[in-house]
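Trainee: Read off the chains here:
Protein chains: 2
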Amino acid sequence: MRVLNASVDPAMRGWLSAEKNYLTVPDGEVMKAHGVGEVIASECAAYNVGDVVFGWLGWQRFAAISEKDALWKVDLSLAPPEAWLSIFGLNGLTAWIGFTHLARPVAGETVLVTTAAGGVGGVVGQLAAAAGLTAIGLTGGADKVARAEATLGYSKAIDYRADGLDAALAEAVPKGVDIFFDNTAGALADAVFRHLNIRARVIQCGTASVSSWLPPPTGPRRERDMLVKRLAWQGFVAFDYTREFPQALADLQGLYRAGQLTAQDEVLEGLAHAPGAIARLYRGENTGRLTIRP
Amino acid sequence: MRVLNASVDPAMRGWLSAEKNYLTVPDGEVMKAHGVGEVIASECAAYNVGDVVFGWLGWQRFAAISEKDALWKVDLSLAPPEAWLSIFGLNGLTAWIGFTHLARPVAGETVLVTTAAGGVGGVVGQLAAAAGLTAIGLTGGADKVARAEATLGYSKAIDYRADGLDAALAEAVPKGVDIFFDNTAGALADAVFRHLNIRARVIQCGTASVSSWLPPPTGPRRERDMLVKRLAWQGFVAFDYTREFPQALADLQGLYRAGQLTAQDEVLEGLAHAPGAIARLYRGENTGRLTIRP
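Sequence lines, in order, name chains C and L. Each residue of the first sequence is one higher than the one before, counting from 53 in our numbering. Each residue of the second sequence is one higher than the one before, counting from 53 in our numbering.
With the rest of the complex left out, here is chain C (with noise of 0.2 Å):
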C-alpha cells in the first residue's frame, strides 16, 4: 500500500506507555495508526491493484498488510483521503457509537461535550444538532469557540480556560445535562458533573485533561452521584463494537450528503511532524483533525 494519510491520535501517547492499555506499541515498533493507502501490489483476493483502503497502516510512507488489518474500502469521489479518518474514519465512528449507540439520545434533550471542537467531539456536536438535541461544548480558545458556534453544531460553546466556567455552564445549560458525552476526564469533568439531571448518561470516551493514571489523582468521590441521580457511566472504546460500523458509516455518510456533517481536517506533509503532532494534541493547537500525508 502506498499511504495516502496516516493518523495522529490522542491515544498515542497512552498506546507507548507503561501503563495498562487496551493496545500498546512497544519501544522500536511502527507506531499503530489508521491510514487510507492505495493497493500497489496485492497477494489477496478482496483487493486489488488501485483500491483504496481504510485500515491499521501505521506511521510509514508504504506498508505491506495482511487482509485482517485492511479494513473497509474507501470511495474518494465521495470525500477526500483524510475525511476517511476523521468524519468516516475512527473519530466519526467512536462519536456515533458513544453519542448514537451507547447515549441513547432523545430529542429536546441536553448533551454536554468536552474537546467540543476536537475530531470526536467536532462529530458529536453535529450528531446531536441534526438529532434534535441541544449541544454545549466546553473547548479550548476563542478560535475552538467560534468554530463549535458556526460549524460544529453546537448551540453553544465555553471557553473552560476563561474565569468563570461555573457560572457559564450554569447559564448554558438551564435545563442540566442529560447526556455528557467527556473526553477529558479531570475538574472539568467535575464542573460537569454538578450539572448532571436524574439519568443523565455519562459516555466516558477519553481522559486528556488527565496526563498520567500512575497513580490515579483524586477527585470527587461520585458514588452518591451515581446513586442518587440514577446516573448510567459507560466507558467504551470504539473497536468493540465492529457489528455497528457499517451502520455508523451509512449513517455518517448520510448525514455528509444531507450536508448536515462537515469535516475539519488539517493536514500535516511529511512524517518528520509525527511526534511534534501528538504533542501539538494536548496543546490543543490543532485546529482540525490532524493527519499526516507521509
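Please keep in mind that the hints were generated in silico from the structure rather than gathered at the bench.
A few chain L residues facing chain C, derived, Cβ under 10 Å:
1. G66
2. Q256
3. W265
4. P272
A virtual CB, placed ideally from N, CA and C, is assigned to each residue, including glycine.
Given chain C, work out where chain L should sit, using these hints.
Mentor: Chain L alone, transformed into the frame defined by chain C:
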C-alpha cells in the same frame, strides 16, 4: 391499618438529612417506612377488613393510608410479616432489580458484594448462587462472615475489618470481578475496583460507608478505569422499577419455595427502638434485616 411490622433502613438517615435526596422526611412528620399491616377499616373497594397489605405505613402503630400507599397484598401463609419486609420487600426487590435486572449476570461469572450479610446483600448472594455465579462477599466481623458463607450463597466472605484486605481479596477473586454490587462506596469500593475485569458492571446500590457527602470526600479518579476497562457503572433506586416488581416477586417466591432463598430477620419489639435502630445499622450490629413490631 394495624401495623404488624415496620421497616428500618439505612437510607432513612439520608431522608432526614438536608442533603439532596430522592426522598425526604421533614422535621415533625412520621418517618416514612414500608410496613406490613392488617386492614381494620376500609373505604376502598380494593382492600377489605382482614386483608394483609404491604405499603407505606410509616413508623406508627396504626396507619390511615390512601390506596396509592397500599402497594400489594401479602400472603402470611407463605411467610411471616417480617419476610414481606425483607426477602419479599424492598430488600429482595432491590437485590433482584440491581443484580438480576441491571447487572445482566451470566453463569460462571464472579460477583462481589459489599455489606454481603445485610438485607440486600444477603439476597444478592443467594440470587447469584442460584444463577450459577460465584459470589464473594465483604462484610464486617466473624459472625457475619460465617453467616454469609453458611446461608447466604457466598462461596467466600471476607472480613473487611481484618488486616490484609487486599491480599484476601486478590486470593478470593483469582479471575477478577465481573459484577460489583456496591452498598458501601469509599475505601472498600476502591479495593474492589482494582480487581474489576474488562466489561465489568458496577451496580451502585448504596453508599453506607460514607456518612456525609457535603462536600463529597475525595478518592481515586475512576475515569481511566471506566475507559480502559469499558466499565458500565449504574446507580439505581428500586422505586424506579415498579414495572418489574411482579416478575421480581414471582422469582423471589419461587426461589423461596424451592429452598434456595432464606430470610434473615431480626424483629425489635416496640417503637421506642426506632431511632437507635438506624444507628445500629450503621454500627453493623444487626444480625439480619431489622424490622420493628410497633
